[in-house]
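Engineer: Okay, here's what each chain looks like letter by letter:
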Amino acid sequence: MRVSKKLRVGWFSFTCCEDSTMVFIELMNDKFFEWKELLDFSYFRTLKGRNDMTDLDIAFVEGAISNKKEEETVKKIRQNCKKLVAIGSCACTGAPANQRNSFDKSTREEIQFILDRFDHREKVSQLSEIVKVDDFISGCPMDEKVFLSRLDQYLKEFGIAHA
Amino acid sequence: MHDSMDINIEQISKTEGHADLEVKVRSGKVQDVKLKISENKRFYTQAVRNRHFVSVPQFVSRICGTCSIAHLTCSMEAVEKCLGVTPSAQTELLRKLAIYGMMIRDHALHLYFFCLPDIFKVDSVFEFDKSKDQIVKQAFAVKGAGNNLSKVVAGRAVHATYERIGSFSHIPSGEETSVLIKELKSVREHVLELIKIFNDCDFAFNRNTTFVALITKDYSFLEGKIQSSNGAVIKEDDYWDHLSRVVIPYSQAVGFTFKGDEFMVGALARMNLNRNTLHKKTRKDAREFLKVFPSNNIYHNNLAQAIEILHCIDHSIQLLEENEFKEEAPPAVKAKEGRGIGVIEAPRGTLYHMLELDKAGKVKFANFVIPTAQNQIKMEKDIAAVIPEILDMTKHDIHHELEKVVRAYDPCMSCASHFLRIKWNRSFV
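Sequences listed follow chains A and B, in order.
FYI, in the working numbering the residues of the first sequence are 1 to 163.
FYI, in the working numbering the residues of the second sequence are 1 to 429.
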């Protein structure tokens, strides 16, 4: 099976438990050889050492944004992709990674030294508060059927077809 | 030979996530090593306070995607002990099966996709050539068998839904268990091949340490006493008397010592201390490979993981063949003030969840001790010890060797992969 070109994708992870990364890798149990022909995994730190985040067709982004470095990185990802898709609950809604946002004063004081030491933002944010998000695949973890259906849709959108 | 150099590794990624490494070498000697776990804290210890016990296990399952069933099960145990609930014998069997499914999937991912590329000298599974198609298919079959075992028994492989306090909300049917047995039997030969690959691998790094694990009667990861290689035997309730928190200012995770010393938890510790309780079929078919234990070679952690996959398959087949699962009424569960400690073996080592509940059943205080945090001090010392041995390598190879050492621990799913991004800032003398 040959394809005319591949969809150039990145899979990124910020503050979260990486459950959707796990689901994505489990989907490979059935899809690996098909995806190897259709997708160019340009950035996928969980599985690769050499990664390139430039000129992506789609960036799949899991997790919420909790420190300034993550904020800079997700903005850089946005500049380097045509479509950015929020994956899973933390990326789509901020929760549960954003639980510190609703801590009371004394609990906040208890954790403040860590927030200061590691340059955390004032609050943890869902992706759409930081960058433009083109699509949302929600769930904790993401719903695998919805993901597969959207991926098919993206392949069509980008003209990736079996030759 | 690099006589003096600074290594700044940014974003080793996460602990199931991110970590950084800084190394300073002067006049051929390691002056400083900082392994910084930089995974952003989500403050579960604080966020769980005031939650009602019913919602706690599902909530803390979200600490980790890859070993969520371990956190879920450990939390269930903590709540049950606090409330004086005794799970039924069937519930204990189903928990063993859920844990086995997780172990098979989790270990298989680490071994096939994070470690095998090192052995085959490629960057990733995506670079395996056609000659490796067979083993890639085997990898997905083994991983899939673990995934399906968890799905049938626990509802999902990630953030499982059937497990509840004292019971399961869904019982697998005879038809479902027959399919599982067939699938598990079909992948057994693949696992024997995997064990041989890790047995034949010549990677080695030896350094004496103390090993600690929960010693179970049937290597089922769930109940027993905490034991160490230097002879300590500790009841679960007394866990905190022997663990000491070590604040590591540059790391977002605290480290731990055991009776004041660095130590290691995980598959190597379990295999060193408890291999005689492996399933009899596993002991028979892995007899030659078990001879290397006890071992201080950190790379034997991966051989131990491969043998554990075989054990999980063998014991699961036996449990599924010998038991018929039936619907049963859940035990009565009533709020009660108290303290409960769950201790289990997660894929990466001993996991502790301690909960204190108030009269209304809400959490007053919680303490979670995570395996990778327990290994943090030893990992850092191993890195310091290995550097002098590799200073004559190219910078690319030093980078790779440091990755391999950290990866051998399987510190967590995402950070166990190829995660080091080194900024080189060297001075040669």
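Worth double-checking, as some hints may not be accurate.
[Unchecked claim] Computed cross-link-like contacts, DSBU-like style, restricted to lysine-lysine with a CA-CA straight-line distance of at most 30 Å:
1. K36/A x K196/B
2. K121/B x K6/A
3. K5/A x K130/B
4. K29/B x K156/A
5. K36/A x K41/B
6. K76/A x K196/B
7. K395/B x K31/A
8. K31/A x K151/B
9. K217/B x K81/B
10. K36/A x K334/B
11. K381/B x K359/B
12. K145/A x K151/B
13. K34/B x K75/A
14. K137/B x K185/B
15. K381/B x K123/A
16. K121/B x K29/B
17. K132/B x K6/A
18. K34/B x K76/A
19. K130/B x K156/A
20. K359/B x K105/A
21. K123/A x K217/B
22. K31/A x K29/B
23. K132/B x K31/A
Please keep in mind that the hints were generated in silico from the structure rather than gathered at the bench.
Engineer: All hints, please: hold or fail.
Structural biologist: Here is what the structure says about each hint:
For the given pair, K36/A sits about 28 Å from K196/B by alpha-carbon distance, which is consistent with the 30 Å threshold. A threshold of 30 Å between alpha carbons decides the hint, and for K121/B with K6/A the separation of about 25 Å falls inside it, so the pair holds. Of the pairs offered as hints, the one joining K5/A and K130/B holds, with about 20 Å between alpha carbons and a cut-off of 30 Å not exceeded. About 57 Å separates the Cα atoms of K29/B and K156/A, which puts this hinted pair outside 30 Å; it is violated.
Under the criterion of a C-alpha separation no larger than 30 Å, the hint pairing K36/A with K41/B is inconsistent with the structure, at around 34 Å. The hinted pair formed by K76/A and K196/B fails the criterion: a straight-line CA distance of about 44 Å is larger than 30 Å. Among the hinted pairs, K395/B with K31/A is inconsistent with the structure: their alpha-carbon atoms are about 36 Å apart, more than 30 Å. Between K31/A and K151/B, the direct Cα distance comes to roughly 18 Å. Compliance with the 30 Å bound is thereby established for this hinted pair.
Between the alpha carbons of K217/B and K81/B the distance comes to roughly 20 Å, so the proposed pair stays at or under 30 Å and holds. About 52 Å separates the Cα atoms of K36/A and K334/B, which puts this hinted pair outside 30 Å; it is violated. For the suggested pair K381/B and K359/B, the alpha carbons sit about 45 Å apart, so the restraint of at most 30 Å is broken. This hinted pair checks out: K145/A and K151/B have alpha carbons roughly 15 Å apart, not beyond 30 Å.
Straight-line distance between C-alpha atoms of K34/B and K75/A comes to about 29 Å, which keeps the hinted pair within the 30 Å bound. Between K137/B and K185/B the alpha-carbon distance is near 16 Å, which keeps this suggested pair within the 30 Å criterion. Between the alpha carbons of K381/B and K123/A the distance comes to roughly 35 Å, so the proposed pair goes past 30 Å and is violated. At roughly 29 Å between alpha-carbon atoms, K121/B and K29/B fall within 30 Å of each other, so this suggested pair holds.
Of the pairs offered as hints, the one joining K132/B and K6/A holds, with about 22 Å between alpha carbons and a cut-off of 30 Å not exceeded. Between K34/B and K76/A the alpha-carbon distance is near 28 Å, which keeps this suggested pair within the 30 Å criterion. This hinted pair checks out: K130/B and K156/A have alpha carbons roughly 28 Å apart, not beyond 30 Å. Note on K359/B and K105/A: the hinted pairing holds, with a Cα-Cα distance of about 24 Å set against a maximum of 30 Å.
At roughly 47 Å between alpha-carbon atoms, K123/A and K217/B are farther apart than 30 Å, so this suggested pair is violated. A C-alpha spacing of about 48 Å is found between K31/A and K29/B, which places the hinted pair above 30 Å, so the restraint is violated. A distance of roughly 17 Å separates the Cα atoms of K132/B and K31/A; the hinted pair therefore holds under the 30 Å criterion.
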